[in-house]
Amino acid sequence: MSSRRSRSRQSPSSAINDDQIIELVSKLQQLLPEMHTRRRSDKVVSASKVLQETCNYIRSLHREVDDLSERLSELLALSDHAQADVVRSLLLHQ
Amino acid sequence: MTNPGGLRSSFARIFLRSLSRINSGRVSSSRGRTLPKHRSISIAAYASMASAVGTRRAWSREVLRRIRRGGARRASRRTSEFPVGRKGRKEPGNGKKLKKEAGDGNEGSSIQGMRKKLRRLVPGGEGMEFHRLLAETAHYIKCLKTQVGVMRSIADYYTPV
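Residue numbers (my numbering), protein chains in the order written: chain U, 1 to 94; chain B, 1 to 161.
In short, the hints are calculated from the structure, not lab data. Hints are supplied without guarantee of correctness; some may be wrong.
Pairs of lysine-lysine, DSBU-like flavour, derived with a Cα cap of 35 Å [claimed, not checked]:
(1) B:Lys145 - U:Lys27
(2) U:Lys49 - U:Lys27
(3) B:Lys142 - U:Lys49
Note that the structure is a prediction, hence the values are computed from the model and not measured.
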């Protein structure tokens, strides 16, 4: 599937023009940790770099979830599960 | 965009309920096999987040669908970082294309490779148009960050000082 770069503004909403793609990519860019701390006005970062960082970031988040799950599984075995209600109130008040 | 505070609370509520269920041993496995506890927890985390988001997002719909359909195996298949390694990351095709991009210099192929990877990482990303995939990815990342934050708070809470 090739990425059509044709500028057809009169086409129906199913065809998305470049500007919207660029806007979405820059929105993604702002979510990424490393890129966010860089100059925010820098829009010259290539789209492929943004996508690559996005993939890496998603994978690292998955890894974090797994690590935290391991940690939780060990911790929960030790403590009383009735504390869950206490934690709930703790989190909701943050 | 949804209110992150509301999402955080909803996720925390649902997830904590799942955690106490898992802890008291009342987890039902659709296949009848017992899962390692951390695997149950990680699946519960994704499921809780998908429930908190609801069905208004394609990725959350896909997650809920996978979990209801196949139980553990399908849901964990999504994470390419599955440590057990049953579904190893040795899938050809996409990997080859990616390695080529370093010396290729062709902008088109590297974006193509990235798009494919992204489609695999974001649940339900396979059948979408690109712009839709980008929007879903942004939301997915936002929710993942919330999920990780809440999980970390819980772990910190339970960690003995």
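To see whether the hints hold, each was checked on the structure:
1. Between B:Lys145 and U:Lys27 the CA atoms are separated by roughly 15 Å; this keeps the pair inside 35 Å, and the hint holds.
2. Annotation: proposed proximity of U:Lys49 to U:Lys27 holds, straight-line Cα distance about 14 Å (limit 35 Å).
3. The hinted pair formed by B:Lys142 and U:Lys49 meets the criterion: a straight-line CA distance of about 19 Å does not exceed 35 Å.
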